[in-house]
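Listed below are the residues making up each chain.
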Amino acid sequence: MSISETANPQGSVVDRLRDALPKIVLSPTVAIVAIFVYGFILFTLYLSFTDSRILPSFGWVGWQNYENLFRIRAWDTAVSNLVIFGLLYIIICCALGLLLAILLDQRIRAEGFIRTIYLYPMALSFIVTGVAWKWFLDPGIGIEAVVQGWGWTSFEFDWIKNREMAIYTIVIAAVWQTSGFVMAMFLAGLRGIDSEMMKAAQIDGASTFALYRRIVIPQLRPAFMSAFVVLAHMAIKSYDLVIALTGGGPGTATELPATFMYSYTFTRNQMGIGAASAVIMLMTIAAIIVPYLWSELREKK
Amino acid sequence: MGFLDIKQATKSYGAVQVLHETDISIEEGEFLVLVGPSGCGKSTLLNMIAGLENITSGEIAIRGKSMNGVKPADRNIAMVFQSYALYPNMTVSGNISFGMEMHGIEKSEREKRISQVSDLLQIKHLLDRKPGQLSGGQRQRVAMGRALVREPDVFLFDEPLSNLDAKLRVDMRTEIKKLHQKLGTTIVYVTHDQIEALTLSTRIAVMFGGYVQQLGTPKEIYDNPANMFVAGFMGSPSMNLFPAKVVSENGQSAAEVSLANGTKASIPFATEELASDVGRDIILGIRPEAITDRDGADRNSQAVHIVEAPVEVTEPAGSDTFVVSQIGGKDVTGRFRADVAVNAGDTFPFAFNMEKAVAFDPQSENRIA
Amino acid sequence: MATTHAKSGNSIGRIVLYTLLVFFCIYYLLPLYVMLVNSLKPLSEITAGGMMALPQEWTIAPWLSAWSSAQVGVEATGLRPYFLNSIIMVVPAVALSTIVGALNGYVLTKWPFRGATILFGLLLFGCFIPFQMVLIPMARMLGLMGLAGSVPGLIFVHFVYGIGFSTLYFRNYYAAFPTELVRAAQIDGAGFFRIFWRILLPSSGPIAVVCIIWQFTNIWNDFLFGASFSDFDSQPMTVALNNLVQSSTGVKEYNVHFAGAIMAALPTLLVYIVAGRYFVRGLMAGSVKG
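Protein chains in written order, with the working numbering: chain A, 1 to 301; chain B, 1 to 369; chain C, 1 to 290.
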């Protein structure tokens, strides 16, 4: 029901200007989004088909950057790291978030206080999180040194220095940062469930366990969906945490697409390949976000 | 030409036409109620009069001046909304004076008018409060005060009472009627409540499916509904509508109906309007208060006829008892006096006042007699 | 869900429940504890394997060093200039994106037009794109605008990519704001800006707080744009902290690193503690629309 169109065909210039005011107000944003989001996406897309090296250049090379990209070992590592990291990150965050939400939903004391503690890492920068966990996991001074200091001298925990295991330290730090947020999402979902239905289930004789498994958790589907979308897109964009925690190392053991893109574009002067990797990141995110936004906005109508 | 003229006005959203060609002409001082179920186009029409929605085609004119393309603020109208739409951040007096402020009326004049209006509506003690601190009835008064203070040509009311509880609704209804009688302004009032429509209006436009089904005085609408929709929508309990057949009996036309016990009864019409339609299937419409027990029947009527019919249910309602019988396969309700001894299962004489009966064509659903 | 709690007689269950809750409190608080205690002890205590212990000798020297004398990149300036950079960057970026977002939300909900929803969808998608996609053209654009490597350049970038979320907040908030109020004000004779200023804005306090907190947290915590578009003297706090920690010259002063990390975390942490309710609301609105 539009209330904007009281347009007067014979109106004066002032009248017509006044009628166009809402659109005029919106136009800077439209221009900004057109240029700085979609224009830039097209520009980067175009660059991914060119021979750009240290600076953008416009020699067309077709799919060559993409072919090269998939031949680079570091990209291969980055993609398989993303799969490992993404899957573990999403699964652990959801499991931990759900567990914490259910624990907090048991009418406990000091709920607000505990919730505040669970959620505070979300207010921190990934750089801060990275620094804290970098030294906490450092075998020289961190948890390994501490436990050995307590007398368990054979204790080893050197994942962060270990090529095979370093990617899991990223998972640990990332889960620590975001799981509280997932908890908050599930808690909101739990609080939205009709309490009369819960009473009915209890009268039907459902145990607490059955209550959650059969009645509550299936109803958290929308919360799961939202959590999945948010976590997946955060995983794909993960950059700061890797830089602060491991710098992509040891070697390239914790390289992710985001760090790969940055180093190929700005330090290795392979801008064409960097652009190609950014395009692939965008496509992956779009495949997750677009259907989600589509369904959300269509429901609204 | 009337005071407020709606000429061939239509409204479409894309391909969907929500209001079809509508003509209504309102005289100064009239109280017109637009009534109908939700989605009938009544609120759309009101918003078009207000200028909040543009007109797809046609014209709306106030005092002979076309309002097409004129801003809501320049139409000299005032509107009372369903949710009252009081500005939550302003006090009551701020709410009432906002429109005057926007129209550049001087402060001393604004204060004078606020004082008059708040006297009239007895809201003087509320002037410094915020809307959030008011009860529903008080908000309603403030919303009316905001409209009154503008001294508009036309008042528009958009379901103003539907957010109030039943008791308050009745009180406010009376108050609006008093206000209209006192001030004599022109009012267009939208409601889905047919009782509000009947009690308040000088004329009613019954709307359904984007069409005005009938435009007339409350009595015309109630006694002579133009079609089965109007008949069923206006009045509570609603008009009984049941199938019958026109027959000729002793040289008089009558309606033949089938009763629940398998027998047929014929009830003579009060007029011979359907004399040429013998054999035709019709829908007979008769209001509950025109079906009574024998002694409760209207003594001034020349056409009260008794039908012995089996009683299916009785519903005592205090002042009356509603008695239901199956006629022509439909539940037909009669309004009996409260102390009539009638029980479910009895066969009981029902007195039909055929002066009040109307007939509809089953296909077109329009009234034929 | 008041009915799902364990029965009060089931005391073993309650003990397990609270044990778990406390365990997770420790899990989340441990890194903060580590940062805090180690920022207050001499380096020797840390390297001797005393990371978990309280300081034997309490000292604020690491804090002073991190603030004003530690080696950040090539210069021994401490984090102070970068902290100021971040503040100079955050305040205008937050203010601009919030104001524009409020106006956008107002237009999109109260003056809708054909294609408004599609436009909003496009705007929203812009929030989720990987910013790697815009780094290259943005670097060039900032160069063209003469803003390369400067704090105003960063302000501009954060403003541009902050509009999406601020519009989202205000749009969803104003969608629930009764349109009848806008109509009443129209009939009263108020125009486009007057309605916004006098009717909507006075009721926008809560969502403005949510939006400001969200933008503040995001922009303060940003690293990618800061690392991409700043010079040595225009780096924001996060970039400087990373440089401090990663600098490979000399002894690793863990205690100074921890002090610096807390400094970088303090503003957002403070906001979270003071206005946590709004912070959570913003988080939720940013993920679950409507």
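Source of the hints: derived by calculation from the structure; they are not laboratory data.
Treat the hints with care, since some could be wrong.
Stated by the list, open to error - As a list, the in silico DSSO-like pairs of lysine-lysine whose alpha-carbon atoms are at most 30 Å apart: (1) B:LYS264 <-> B:LYS245; (2) B:LYS130 <-> B:LYS182; (3) C:LYS252 <-> A:LYS161; (4) B:LYS177 <-> B:LYS65; (5) B:LYS130 <-> B:LYS167; (6) A:LYS23 <-> B:LYS71.
Hint by hint, here is what the structure shows:
1. The hinted pair formed by B:LYS264 and B:LYS245 meets the criterion: a straight-line CA distance of about 11 Å does not exceed 30 Å.
2. Taking the CA atoms of B:LYS130 and B:LYS182, the gap is about 28 Å. The hint holds against a cut of 30 Å.
3. Of the pairs offered as hints, the one joining C:LYS252 and A:LYS161 holds, with about 17 Å between alpha carbons and a cut-off of 30 Å not exceeded.
4. Between B:LYS177 and B:LYS65 the alpha-carbon distance is near 28 Å, which keeps this suggested pair within the 30 Å criterion.
5. Distance hint between B:LYS130 and B:LYS167 is fulfilled; the C-alpha atoms sit about 24 Å from each other, no more than 30 Å.
6. With a CA separation close to 18 Å, the supplied pair A:LYS23 and B:LYS71 stays within the 30 Å bound.
Consistency with the previously given hints is maintained throughout, with no hint failing.
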